[in-house]
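There are 2 protein chains.
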Amino acid sequence: MSIKKNRKWCLASRPVGLTKESDFEWKEVELEEIKDGQLLVRVIYLSIDPTNRGWIKAESYLPAVQIGEVMRGIAIGIVEESRHPDFAVNDMVQGMLGWQEYLISDGSGLTVLPKGLPVPITAHFGLFGHIGLSAYFGLLDIGKPKSGETLVVSAAAGAVGSLVGQIGKIIGCRVVGIAGTDEKCEWLTGELGFDAAINYKKESVFRRLKEYCPDGIDVYFDNVGGNILDTVLALINIRARIVTCGLISQYNAEKPVPGPYNYGNILVKRARVEGFIVLDYFDRADEAITKLAEWFAEGKINYRVDIIEGLKNAPATMNRLFDGSHSGKLIIQVSEEPKVN
Amino acid sequence: MSIKKNRKWCLASRPVGLTKESDFEWKEVELEEIKDGQLLVRVIYLSIDPTNRGWIKAESYLPAVQIGEVMRGIAIGIVEESRHPDFAVNDMVQGMLGWQEYLISDGSGLTVLPKGLPVPITAHFGLFGHIGLSAYFGLLDIGKPKSGETLVVSAAAGAVGSLVGQIGKIIGCRVVGIAGTDEKCEWLTGELGFDAAINYKKESVFRRLKEYCPDGIDVYFDNVGGNILDTVLALINIRARIVTCGLISQYNAEKPVPGPYNYGNILVKRARVEGFIVLDYFDRADEAITKLAEWFAEGKINYRVDIIEGLKNAPATMNRLFDGSHSGKLIIQVSEEPKVN
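Those protein sequences? They're chains U and A, same order as listed. Using this note's numbering, read the first sequence as starting at 241 and increasing by one per residue. Using this note's numbering, read the second sequence as starting at 241 and increasing by one per residue.
Heads up, a few of these hints could be off.
Pairs count within a copy or across copies, as identical chains cannot be separated in the list.
[Claimed, not checked] Using 30 angstroms as the maximum straight-line C-alpha spacing, the simulated DSSO-like pairs for lysine-lysine come out as follows: (1) K297 x K450; (2) K450 x K267; (3) K495 x K441; (4) K275 x K579; (5) K441 x K275; (6) K441 x K260; (7) K442 x K495; (8) K297 x K495.
FYI, nobody ran anything at the bench for these hints, they're computed from the structure. All values derive from a computational prediction rather than experimental measurement.
Excised from the complex, chain U in its bound form (with noise of 0.2 angstroms):
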């Protein structure tokens, strides 16, 4: 068996305010050979998500990666030596295999993907996956959406809010979009079915929301927080729901940010805020994944992915969660695709 390299990036210091790629160090080292109850796998696409932020500042529902370990990073790999009875040489496994090109795993805390699905791998993030589930158990689970109720999406050409906003049309609510710029929301209520979308760049959200929710919102899907939060928080209707699924706007602060002005409004107005990790929905994968799938064969939801190469662009890329200046859902493509899956 050749001597493979494996190259990753490790967390180098605890970045202040938007991480620079310095905060993270390039190594390259030499793989060990698999033992007994080991596997090995090539990681394939690393999935790029605003929590990944959070892992690196300090503990919150999962422990801080240290200074030293390597970045921590949900992937989808191939298994390419197995001593492990549960994975076989050629299973496609996601799991959290890190910012690496390879990894050694005695197999805990891996999937292995459903084979001859009619849907490309990267699929199992723009659609399933973490993604999917945060979009199906966020909006139904903790939202509550009723037919005919409004539901605001903040971040909304973003991975999990164009699968939230797209799921409210199907449920009957009446949708609108929060996003960055106006190619988004034109996708969003071209593409998507988004009943309205808001430049918030450009446009009044204040202005925009009053007029295009002429009955107030019911319904909050909040990856933001901050300045958007609070306006919404003005234009809640009685027994609103806010879910927090991220709060974007706050992850790179270098001091701490403070909550929303309008938080008395929570009590006027008998809201509901909660907040959920997805973590906890993965026992509960099965029901979400045969909804979305039936959904997509539909074509009632659709997905955009935005593809960038190399594991080399993995800090920089992460930045870029913060600009707007993507959307859909970010992957890094470290390897290629096996040819026939």
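Place chain A on chain U using the hints.
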């Protein structure tokens, strides 16, 4: 029939910061004769509640009291004259009687109090009524505490807070109260059976909560908002519930107040923050009153009233809600109770 005078406090200006007596105008007018379908109520006890401050600020869950109007207030009175089929002379009634000595009413919004309850009339404010319902439904319906969980209550020596903590003990929770004097804290842990109490004016709330809540905080019954809310958010457990009953710390604010800096913990801890307004529960009042009366009869809960004589003192008394100089239910005695009820 002799001509009766009605004296009342009317709103003169929207207060900025703490309410001043000059924000109200003391008026004396002659009462008209009642007409068919009307009744005349003499106000006996007027409830002074933190939410009163909101009613004169801006529209909230009720329309704002308008300049020139009599100040809104929940009160108990006795029917002195009636030309209304549903109300008899000497009936005791409760409702929005206002800051005045008499009210001519068409009966809408008035409830006749049950006769022969073995409690003083003021128990309808200290134990039952809007106070008891706030504690009962806020804690049980919104907070959903389970036996063995840790419950933290702020303004714990207040009318609602003191009941919440006692109900928490009945449910089997570990209960920690936060109040503003040593005397209040001793009342909570001594007479009311709280497990611990923190004097937030003298002690580090963060350090004491860490000490008194070794298993973290599962339910926080929030009457105050502000710094204490922020401190609690730093210490909540996964799937914690924050019951937003009041935000006393900001009712007199002269400029917008930021929400909690630890708002992000709602996401990290998958917490639920939910506001409620007791008016929404009035149709379920019997359920709460039956249980509260039962617990009171069994000696499991107690309450305190703090009675101030004279309607003239209403504006100054309202400010006592915000300086921590009372404990239990703050009530203005406007006129004498009838000799036999």
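Quiz item: Broken hints, numbered, in rising order?
Solution: Numbers 2 and 5, in rising order.
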